[in-house]
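Novice: Here's the letter readout for the chains.
Number of protein chains: 2
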Amino acid sequence: MNSVHRGLVTLLFAAVVTSGERVSAQADQPVDDWEPASTNQPGSDFPKVNSEGRVMFRIKAPLAKSVSCSFRDGGEFKQDEEGVWTGYTRPLDEGFHYYTINIDGAEVPDPGSKYFFGAMRWGSGVEVPAHDQDSYAVERVPHGQLREVLFYSDSTKATRRAFVYTPPEYEEHPEKRYPVLYLQHGWGENEYGWGAQGHANLIMDNLIAEGKANPFIIVMTYGMTNEVRFGGLSRFSIEPFETVLVDELVPYIDATFRSLTDQPNRAMAGLSMGGMETRLITLRNLDKFSHIGLFSGGSISIDDVENTEGFQASVKLVFVSYGGRELDRGGARRGGDPGKDVEALQQAGVNAVFYASPDTAHEWQSWRRSLREFAPLLFRHQDAPRE
Amino acid sequence: MNSVHRGLVTLLFAAVVTSGERVSAQADQPVDDWEPASTNQPGSDFPKVNSEGRVMFRIKAPLAKSVSCSFRDGGEFKQDEEGVWTGYTRPLDEGFHYYTINIDGAEVPDPGSKYFFGAMRWGSGVEVPAHDQDSYAVERVPHGQLREVLFYSDSTKATRRAFVYTPPEYEEHPEKRYPVLYLQHGWGENEYGWGAQGHANLIMDNLIAEGKANPFIIVMTYGMTNEVRFGGLSRFSIEPFETVLVDELVPYIDATFRSLTDQPNRAMAGLSMGGMETRLITLRNLDKFSHIGLFSGGSISIDDVENTEGFQASVKLVFVSYGGRELDRGGARRGGDPGKDVEALQQAGVNAVFYASPDTAHEWQSWRRSLREFAPLLFRHQDAPRE
Numbered sequence: 001m002n003s004v005h006r007g008l009v010t011l012l013f014a015a016v017v018t019s020g021e022r023v024s025a026q027a028d029q030p031v032d033d034w035e036p037a038s039t040n041q042p043g044s045d046f047p048k049v050n051s052e053g054r055v056m057f058r059i060k061a062p063l064a065k066s067v068s069c070s071f072r073d074g075g076e077f078k079q080d081e082e083g084v085w086t087g088y089t090r091p092l093d094e095g096f097h098y099y100t101i102n103i104d105g106a107e108v109p110d111p112g113s114k115y116f117f118g119a120m121r122w123g124s125g126v127e128v129p130a131h132d133q134d135s136y137a138v139e140r141v142p143h144g145q146l147r148e149v150l151f152y153s154d155s156t157k158a159t160r161r162a163f164v165y166t167p168p169e170y171e172e173h174p175e176k177r178y179p180v181l182y183l184q185h186g187w188g189e190n191e192y193g194w195g196a197q198g199h200a201n202l203i204m205d206n207l208i209a210e211g212k213a214n215p216f217i218i219v220m221t222y223g224m225t226n227e228v229r230f231g232g233l234s235r236f237s238i239e240p241f242e243t244v245l246v247d248e249l250v251p252y253i254d255a256t257f258r259s260l261t262d263q264p265n266r267a268m269a270g271l272s273m274g275g276m277e278t279r280l281i282t283l284r285n286l287d288k289f290s291h292i293g294l295f296s297g298g299s300i301s302i303d304d305v306e307n308t309e310g311f312q313a314s315v316k317l318v319f320v321s322y323g324g325r326e327l328d329r330g331g332a333r334r335g336g337d338p339g340k341d342v343e344a345l346q347q348a349g350v351n352a353v354f355y356a357s358p359d360t361a362h363e364w365q366s367w368r369r370s371l372r373e374f375a376p377l378l379f380r381h382q383d384a385p386r387e
Numbered sequence: 001m002n003s004v005h006r007g008l009v010t011l012l013f014a015a016v017v018t019s020g021e022r023v024s025a026q027a028d029q030p031v032d033d034w035e036p037a038s039t040n041q042p043g044s045d046f047p048k049v050n051s052e053g054r055v056m057f058r059i060k061a062p063l064a065k066s067v068s069c070s071f072r073d074g075g076e077f078k079q080d081e082e083g084v085w086t087g088y089t090r091p092l093d094e095g096f097h098y099y100t101i102n103i104d105g106a107e108v109p110d111p112g113s114k115y116f117f118g119a120m121r122w123g124s125g126v127e128v129p130a131h132d133q134d135s136y137a138v139e140r141v142p143h144g145q146l147r148e149v150l151f152y153s154d155s156t157k158a159t160r161r162a163f164v165y166t167p168p169e170y171e172e173h174p175e176k177r178y179p180v181l182y183l184q185h186g187w188g189e190n191e192y193g194w195g196a197q198g199h200a201n202l203i204m205d206n207l208i209a210e211g212k213a214n215p216f217i218i219v220m221t222y223g224m225t226n227e228v229r230f231g232g233l234s235r236f237s238i239e240p241f242e243t244v245l246v247d248e249l250v251p252y253i254d255a256t257f258r259s260l261t262d263q264p265n266r267a268m269a270g271l272s273m274g275g276m277e278t279r280l281i282t283l284r285n286l287d288k289f290s291h292i293g294l295f296s297g298g299s300i301s302i303d304d305v306e307n308t309e310g311f312q313a314s315v316k317l318v319f320v321s322y323g324g325r326e327l328d329r330g331g332a333r334r335g336g337d338p339g340k341d342v343e344a345l346q347q348a349g350v351n352a353v354f355y356a357s358p359d360t361a362h363e364w365q366s367w368r369r370s371l372r373e374f375a376p377l378l379f380r381h382q383d384a385p386r387e
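Quick mapping for you: the protein sequence lines, in order, are chains A and B.
First residue of the first sequence? That's 1 in full-length UniProt numbering, and the numbers climb one at a time after it.
First residue of the second sequence? That's 1 in full-length UniProt numbering, and the numbers climb one at a time after it.
Isolated chain A (complex conformation) (with noise of 0.2 angstroms):
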């Protein structure tokens, strides 16, 4: 294991453990101007957001001794007459945090909101609003889909899911063939969080309808096929993966969507341990993988592209990129400075960017404007697309 690898590694077991809390003065008293949360459940009034980033939750529990909340600083909840329990974090970063709800060491999802996929489990998540949420709003604008698939994987003796986005164009051009990025998700999540977390299909839609990005199918599945449990990044092998998404799904996709299937035409890229998967998978697949998208899971160092025979030739973008937060704090330089290892291939002849997410950590959001930054230098090469 490299040095870029043993950070990447460390960085990944700390950002499990991090969540978005803002590391700034807070005021004595909340502003009152609070909101449901745009998370919870239909009809829901609790969790509220305040303009400042708090989370106020509200959780009724007649019997119970404490309830709390799993932000750190969460503030202490109170309980009223009736049996009421209430509480507010300090203010968080913009965008999407996972949390949980204690009662009584009971730890649950909150009934006041939907829920996500993180952290191994199904549980409530919270929407703090960013000042560049119109990117993946739901806009009048034309729709793609999102498909579930389901495809017979012979390695794992399984039937796998993954979900395919469609761009909004796709239905209307029945002989047009469309380039295929796909995308993976972060450790302890699953296919399900590009979509509802990370809204990947609207900020398509909303590129798309701005003529921003060229329309290319997006394919997201599970990449926790080699069973990592949390601590066990350090003896994480690709290759049960490789084998699912190289030899089963790329075959799958391609007989069954109108896809581009030369090498020029298929992206990867990946957040987190999605982006270490993405690294390790495309610097062996170089003959199918043109582009490389790597969101706070390392970066391709200079010693990488001289290493891999035939990588000048065959690579048309990398794109790394982190929460700024991310850099702040050091975590993503310890195998190396990312911005340095692009900075580095720059100068190499690489067509290679580098983006920084402004005030958000190992999160959402510093993926959703990954995502966004990313699909507009995807497949340039070809503005009329081949056959």
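These aren't lab readings, by the way, just hints derived from the structure by calculation.
Remember, predicted model here, so these are calculated numbers, not experimental data.
Check before you lean on any hint, since a few could be wrong.
One copy or two, either will do: identical chains are not told apart, so a pair holds if it fits within one copy or between any two.
[Stated by the list, open to error] Below, a list of computed lysine to any residue pairs in the SDA-like style, where the Cα atoms sit at most 25 angstroms apart: (1) K48 to V141; (2) K340 to P174; (3) K48 to G349; (4) K316 to D154; (5) K176 to R258; (6) K340 to G330; (7) K65 to Q312; (8) K60 to P111; (9) K340 to E306; (10) K340 to G87; (11) K176 to D254; (12) K288 to D254; (13) K212 to R284; (14) K316 to T243; (15) K176 to D287.
Based on these hints, arrange chain B on the given structure of chain A.
Specialist: Quick look at chain B alone, frame taken from chain A:
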């Protein structure tokens, strides 16, 4: 409101508060062959189900005074020395049941289960294995796609979600067009229900693989357009949803998918409230719908036939079904006898079919079976679809 309608409203009220307990003698000691439920979160051992159909819950809540579940006669939960609470139900009917856990007065989802939308919220569900579960199992057969689509509704000034099932062969025959079934969920449920709880896609995949059903498209959208609140069904008005479905969704589907757009190739069905919606919408739009399915959601009487112009010439199939326990308990007969209604239709020359699901109540197992029985009867008038 006629008597059928009034009886149905009574039934729908009753349905929400009953659950699927078997009315049977119960052994003193449960059979010790517990297995994790198929509806569990990945890696969760609890809840477990045994061969009697009992469900055992386990919740860690060290400081709690009381823990219970929402199943009637759910058993008294007992706490062990490590603060883990365990309880089990009496034998439940085969199939899927919604439930909640109560911890010191807080109604919360079970952290061990996946979450499903019912009773107006995402919450826990548990699957009791059924003797006919192969009909909705993931088999090694060609699979269709379950597509999330977004369409703009001018009448509600909102972008709305639907799920669209396309049959396995849909991508292989780019020139072929398919009939469409509009399929509705029940009160308090949403457009996810027929996929997540109903396994409509898997039921169709399996029927098609066995040659028992013609391939067709299924469209599932949210049917609570009129903001029906519990207790408000007697003031139910069909117009808002009828507008969304007939004037907005049908044109969207016909513009986006390779659907057959003539009346003989369009069906509608629904469960419970969705059956009521189906009855009202189809009888008012017989120029658009030819096949009608009512699952635990009322029936069509001979009076309906006589009072609806063109019924005999337009309607190719009336399918009425109930859970056997609904019939046993008399609830389904309050507004008339649905089986007798079907007999009267048959005598009048209508192609009408009645089905009773053995030993199940107003629950998803009845509706999965209803779809399994209904689908093979659809669109048989044209085994060589027209363009």
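Novice: Now tell me, hint by hint, if it's right for this structure.
Specialist: A quick look at each hint next to the structure:
1. K48 to V141: Classified as neither: same-chain Cα gap 29 angstroms, cross-chain 46 angstroms, threshold 25 angstroms.
2. K340 to P174: Close neither inside one copy (44 angstroms) nor across copies (49 angstroms); limit 25 angstroms.
3. K48 to G349: neither (49 angstroms within a copy, 58 angstroms between copies)
4. K316 to D154: neither (32 angstroms within a copy, 43 angstroms between copies)
5. K176 to R258: both (7 angstroms within a copy, 16 angstroms between copies)
6. K340 to G330: Classified as within; 14 angstroms inside a copy, 75 angstroms across copies.
7. K65 to Q312: Neither: 63 angstroms inside a chain and 65 angstroms across chains, both beyond 25 angstroms.
8. K60 to P111: Both, since 10 angstroms and 17 angstroms are each at most 25 angstroms.
9. K340 to E306: within (16 angstroms within a copy, 80 angstroms between copies)
10. K340 to G87: This pair counts as neither: shortest intra-copy Cα distance 43 angstroms, inter-copy 58 angstroms.
11. K176 to D254: Both, since 13 angstroms and 20 angstroms are each at most 25 angstroms.
12. K288 to D254: within (12 angstroms within a copy, 37 angstroms between copies)
13. K212 to R284: Answer is neither: 30 angstroms inside a copy and 45 angstroms across each miss the 25 angstroms cutoff.
14. K316 to T243: Within one copy only: 24 angstroms inside a chain, 49 angstroms across chains, cut-off 25 angstroms.
15. K176 to D287: within (23 angstroms within a copy, 35 angstroms between copies)
Hint check: violations occur at hints 1, 2, 3, 4, 7, 10, 13; the rest are consistent with the structure.
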